[in-house]
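Peer 1: Chain by chain, the residues:
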Amino acid sequence: MAKEKGKDKKITWAEVKRQKFLLLWSAVFVVYGAIFYYIPLGGWIMAFQNYKPAKGFLGSDFVGMDKFKFLFADNTFLQVIRNTFAMGILNLVTTFVMAILFAILLNEMKSMGGKKVVQTISYLPHFLSWIIVTGILHDALSGTGIVNELLMKFGLIKQNINFFAKPGYFWPIVAFANVWKETGWNAIIYLAAITAIDPSLYEAAAIDGAGRWAKIRHITLPGIRPTIMILLLINIGNVLNAGFEVQYLLGNGLVQSVSQTIDIYILKWGISQFDYSIGTAAGIFKSAVSIALVIIANYVAKKTGEDKLF
Amino acid sequence: MKQSKGDKIFHICLGIFMFLFVVITLYPVLNTVAISFNNGLDAVKGGIHLLPRKFTVENYQKVLQKQSLVQGALVTVARTIIGTLTSLAANALLAFIVSRKRFLFKRGMSLFWVITMYVNGGMIPIFLLFKTLGLTNSFWVYIIPGMVSAFNMLVLRTYMEGIPDSLEESAQLDGAGYFTIFAKIISPLCLPVYATVALFVAVGQWNSWFDAMLYNRMSEQYTTLQYELMKLLSTVMNQTGSVDSAKNAASSVTPVSIRSAATIVTMLPIVCLYPFLQRYFVTGLTIGGVKE
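Sequence order for the protein chains is X and L.
Each residue of the first sequence is one higher than the last, beginning at 122 in the working numbering.
Each residue of the second sequence is one higher than the last, beginning at 37 in the working numbering.
Just so you know, not all the hints are guaranteed correct.
Once the Cα atoms are required to be at most 27 Å apart in a straight line, the calculated BS3-like pairs of lysine-lysine come out as [claimed, not checked]:
(1) X/LYS336 - L/LYS102
(2) X/LYS287 - L/LYS220
(3) X/LYS231 - L/LYS41
(4) L/LYS90 - X/LYS274
(5) X/LYS236 - L/LYS44
(6) L/LYS167 - X/LYS173
(7) L/LYS267 - X/LYS237
(8) L/LYS44 - X/LYS231
(9) L/LYS81 - X/LYS279
(10) L/LYS142 - X/LYS141
(11) L/LYS167 - X/LYS389
(12) X/LYS138 - L/LYS137
(13) X/LYS287 - L/LYS81
(14) X/LYS141 - L/LYS90
(15) X/LYS389 - L/LYS267
(16) X/LYS274 - L/LYS44
(17) X/LYS176 - L/LYS167
(18) L/LYS167 - X/LYS138
(19) X/LYS141 - L/LYS137
(20) X/LYS336 - L/LYS41
(21) L/LYS102 - L/LYS81
(22) L/LYS41 - X/LYS236
(23) L/LYS44 - X/LYS237
(24) L/LYS142 - X/LYS138
A short list of chain X residues far from chain L (calculated; beta carbon distances all over 10 Å) [stated by the list, open to error]:
(25) GLY276
(26) SER321
(27) GLN377
Since the hints were derived computationally from the structure, they do not count as laboratory data.
Glycine included, C-beta positions come from ideal geometry on N, C-alpha and C.
Can you build the whole structure from these sequences, using the hints too?
Peer 2: Here it is in C-alpha cells:
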C-alpha cells in the first residue's frame, strides 16, 4: 500500500476536479457508513443511562456504571458468558481440526472424479440456512430419528435418548452442527493452500524415504501453517459472534442454563423486555471482549513471527 | 513401491472415511425428502429412511396453499434479486474508488470501512436506529442496511488491484472519465469476481431470517420463506412425541411432514444452482481468505 509514496500528494484543484466522480461517490459512501455503522455507536450512551424511550437520550437519567454492576451481579449473565465462550471455543477448535483433516485427506484421494464428487457434496450444507440445518438435526436426533434407531440397533441404549432435554448434550450438538455445516466449505482455503505447495518438496522427501505420514507432518502441515494462523486470527475475534442462531433455534427451557448466549440475553432484555440500557451494556461488553481478543491474537502472532492481521 | 500394501490399506480406509462423510452429509437431507413425500400420520411411526413408505404429494399441496409461505417466497425472491443487484453495485463502486492509485483519500476510505468489520453498535442501538429511520415494518430493511459489506468490498478491491494500471491510464489519455473507466473497462474484467460476490450476497439474502423476525414481526406482508420455516420448526419442537397431537389432526398432514416439504422447497433453488457455481466461490474464498 505504501508504493505510491513518491508521487506528489499535494491536493491541486485540477486533481480534485479530475477525481470529481470518485470524491462525490466517496461522500455518499461516507454518509451511508456513518449512518449505519458509526451513529449506532452513539447509542452506547444508553448503557450509562436509565434509558426511557419517552425521554430520549437527552432526557434520560445518567446512572454511571449501574447497568454494568447489575450485569455482573446477575448470575444468568455470568452463566451466559461462560456458555458463549465455551461454545465459541469448542466450535472453533472442532471446525478447524475437521476442516484441516478433511482437506488433507481429500488431497490424498487418487481418483479425481471421486474427489470432485465428495467435494461438491461437502459444500452442500454450507448453503442451507440454520433454520434448515437445525430442523433436520432435530429430526435426526428425535425419538424416531436415525441416531436413536442406530444406537438401539447396536444395543448401545435400551431406551431412546431425548437429546434436547439433557443439558450435557447441548454443547456437543452445537459443535456437531457447526462441523456438519461448515467442514467442506472451510476446507476450500486449506485445499487451495495445499495445491500451492511446491511438488518438488514431496519428490525430494520421497527420495529420502519419507512415508505418507512423514510427508503430511513435515511438508503439508508446515505448508498450510500460515493459512491456518491467519484464519485462526480472524476467527478468534469472532468467537463471541458464533453464539446465536443455533443456540436460539435449538435451545429450550430444559437446557437454557447451558444454551443461552450473550446475544440471546441481549435479545431477551432489549427486545422482549424493552430494557434497552441492559441490552446495550451487554452489547458493549461483547464488543470490548471481541476487540481485546483480536488485539491479543494479533500481538501474539507478531511475537511469534507469524503473519498478522494489521 | 515397497509400501504398496500399506498404501492399499490406507486407500481403503480413506475410501471408507469419505463414504461415511458423504453419507452423514446427505442422509439427513435425503431423509427429509422421503418424509416430505410420505403420508404425515404414517411418518410419525418412524422408520422412514431414504424412501417414502406411503407416497403422497399432499404435503407439497398444503405448502403451496399456505398463504404465508407463498407470500414469504415472493418476498424472499424479491429481496434476493434486489438485494444482490444493489449490494453488488455498491460494493463494486466502493472497491473501484479505493483501488484507484491516485485517489486522494484512498487510505482513509479503506480504513473507514475496515473499522466497520470490527466495531459495531450492537443489536439494541441498531434496532433503535432502524426504528427511527422507519426501516422497521418495511421491506427496505432487507436491502439498505446491509448493502455495503467491508468483506465483499475487500474481495473486490483485491481483484481490481490486480488489473494493470496501464489500461486505466490509456483510457484517461483518450479522455475517459472515472465513470467510463469503471463501467467500460474495469467492470467487464471483473465479471468472475462479481459473480462470486453476487453469489455470497444472494445466498445470505435467501437464507436470512433473523431480520424478518426482529424488524418485521408485525408486518405479515414482509415475512420471508426462512422465517415462515422457522415458525413451522418451533411448532414441531413444541410438541415432540407428537403421536397424540397428530391423532387429533383432521388431515393426514402433520407439522413434521409439512415442515419437511417446506424445507425442500426452500433449499431446492440453492441446491440446484451451487454445483455449477463452484469455481466462483472457490476463487472468491481464496482471495478473501488471505486479505485483511
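Peer 1: Would you mind marking each hint as holding or not holding in the structure?
Peer 2: Outcome of the hint check:
1. X/LYS336 - L/LYS102: Roughly 57 Å between the alpha carbons, so the hint for X/LYS336 and L/LYS102 is violated.
2. X/LYS287 - L/LYS220: violated, 60 Å
3. X/LYS231 - L/LYS41: holds, 16 Å
4. L/LYS90 - X/LYS274: holds, 24 Å
5. X/LYS236 - L/LYS44: At roughly 17 Å apart (the allowed maximum being 27 Å), L/LYS44 and X/LYS236 satisfy the hint.
6. L/LYS167 - X/LYS173: holds, 15 Å
7. L/LYS267 - X/LYS237: violated, 36 Å
8. L/LYS44 - X/LYS231: holds, 11 Å
9. L/LYS81 - X/LYS279: holds, 18 Å
10. L/LYS142 - X/LYS141: The given pair, whose Cα atoms are some 14 Å apart, holds under the 27 Å limit.
11. L/LYS167 - X/LYS389: holds, 18 Å
12. X/LYS138 - L/LYS137: Judged against 27 Å, a Cα distance of about 16 Å means the pair holds.
13. X/LYS287 - L/LYS81: Between X/LYS287 and L/LYS81 the Cα gap is close to 24 Å, so the pair holds against 27 Å.
14. X/LYS141 - L/LYS90: Violated, at about 68 Å.
15. X/LYS389 - L/LYS267: holds, 18 Å
16. X/LYS274 - L/LYS44: violated, 31 Å
17. X/LYS176 - L/LYS167: holds, 16 Å
18. L/LYS167 - X/LYS138: violated, 39 Å
19. X/LYS141 - L/LYS137: Holds. X/LYS141 to L/LYS137 sits at ~15 Å (cutoff 27 Å).
20. X/LYS336 - L/LYS41: Answer holds: X/LYS336 to L/LYS41 is near 18 Å, not above 27 Å.
21. L/LYS102 - L/LYS81: holds, 25 Å
22. L/LYS41 - X/LYS236: Holds, because 22 Å separates the two Cα atoms, which is no more than 27 Å.
23. L/LYS44 - X/LYS237: Holds, at roughly 21 Å.
24. L/LYS142 - X/LYS138: Given that 27 Å is the threshold and the Cα spacing comes to 16 Å, the pair holds.
25. GLY276: holds, 18 Å
26. SER321: holds, 20 Å
27. GLN377: For X/GLN377, whose nearest Cβ neighbour in chain L is about 14 Å away, the distance exceeds 10 Å, so it holds.
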